[in-house]
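Colleague: Model the full structure from these sequences, guided by the hints.
Line by line, the protein sequences give chains A and B.
Following this note's numbering, the numbering of the first sequence begins with 1 at its first residue and continues without gaps.
Following this note's numbering, the numbering of the second sequence begins with 1001 at its first residue and continues without gaps.
Hint data in this document are derived by calculation from the structure and do not stem from the laboratory.
There could be a bad hint or two in this list.
[To be verified] If the Cβ cut is set under 7 Å, some of the chain B residues that face chain A in the computed set are:
(1) E1012
(2) K1106
(3) P1107
(4) N1110
Glycine included, each C-beta is placed from N, C-alpha and C at the ideal position.
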Amino acid sequence: MARSLLTGTRIRERRTAQGLRQADVARTAGISPAYLNLIEHNRRRVSDALLARLAEAIGLDLFALSDGAEGALFDGLREAASAQTVRGAQPEIDRIEEFVGRFPGWAGVLAERQARIAALERTVEGFSERMAQDPFLSTALHEVLSAVTSLRSTAAILVENDAIDAEWRARFHRTIHEESLRLSDTAEALVGYLDTLDEAESGLSSPQEEVEAWLATHDFHLAALEGPRAPAPETLTAGVAELASSAARTLAAEHIVRAHADALALPLKPFLRALAEDGPDPARLAGRFGAPLARVFRRLASLPPEAGLTEVGLVICDGSGSFSFRRPMPGFALPRFGAGCPLWPLYEALGRQMQPIRAVIELAARVPQRFLTYAICQPLQPTGFDAPQVLEASMLILPAPPERGAVERAVGVSCRICPRIACPARREPSIVT
Amino acid sequence: MRGRHVVLIEDELNIAEAIRFILTQDGAAVTHLASGTDSTAVLMREKPDVLVLDVMLPDRSGLEILAEIRAIPELAMLPVLMLTARGKNRDREAAERAGANAFLAKPFANADLLAQVRALAEGGA
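Modeller: This is the structure in structure tokens:
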């Protein structure tokens, strides 16, 4: 397991949190206190073997000393480096770990700024699209342009022609009156239209992100949907701060309907009993309940926290590979925009409809992390002979078993920040050298 | 522009009125069409010296009309001034590709309109 310079900071944090002296930990790990001091100040890299000894000396799991949530911070910084537009600026990507280690606050600010810029760019794109395609705006702007053109030409004629015929003069006066009325009516309509736009519609999140943020506040479990009678979706979405846009509320309502159907098909108590007996094995659970695998995936990813299955992730995409649902898994950063790694079992499933895929993946990161994934792709609804095929693929993400299998799949998060330079599925150069 | 004949295709009647005034004051005869319907038939019949054509018409696009008349041998060389919306570069580029001789963005100065039409009528676009 590769180690980074930042591991030292983490070792120091964990050791002091445990109330252990540097000298004691160093002795237990078989190194000198001075060497441990250098490690803790990120001045020496740590070998796998030594890290294991240090983890044992501190009394922690090896994983606790690895990247954890900071992976997202590194991804954010790499994105910032790739997006930088200052002429001549060459961010020292090879020293990114040192930067985070020495200036964690600044690193966090930079990553957060990058996320904000990406969100703002998306908003601008949305506005541009709206301006270009909104039929009301397009018509209103055409009206304004026509009225202004008419007013300008007519006013100029009246000003520049002293000896204008009385009949023409009267006609042009009437034109000015008509066009000024048209202009004021259009302006009023435009202001009214812009006023009615829900301010939240111009928010920085996509509707899907709003739904995910709302679900995250419930730990992805909606208790109200358990049992035969669920409240109307609107009663669950009304007044929810996270669901600011009408599009998000529509998506949330669709999610609620589906989640309730899942809860009816896989009732909570029997499902939890089966889970306790079989473990989170989707195939067994699907067999027990006679339910489709995708439904079992969704149920596993929406259980109450007391079910004990907190380390679970779920990604759902349509036939184009676009995400329609994301429940992030700790340590598995899901891309916010764009597609994921083409080597994910999720995408393989798209090409192998109805064939379940089970794969242990190793996610390329500063500290590679392993996950157990299950994927399935199935038609979304019966479509008949001539109807278009609507597909949906789902990938359940669980912690990997400790023992390594013969075949483990090397994947990434997205090409741009993936260090697997020679990957055959690469679609764009990586900024990680 | 005495003796010159201009066909104007513009659906905004007040704009058309102003253009007609500007051109007739300068001596030109103006035929106004408020839509693109049958425009080619009118052009074939009238054989104008210049066509002033609005891009955005209710029934069919000015670009469509331009492409159509460029395909008719008798009208292929007709000087055409396109009226486009200010800032709509795509319209202008499309009009260029379709074979417009000159462009004027709305809102325009009357003197510019007159200068453009004169230049086209004299063959100096």
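Colleague: Taking the earlier hints as the rules, which of them does this structure contradict?
Modeller: No numbers; nothing is violated.
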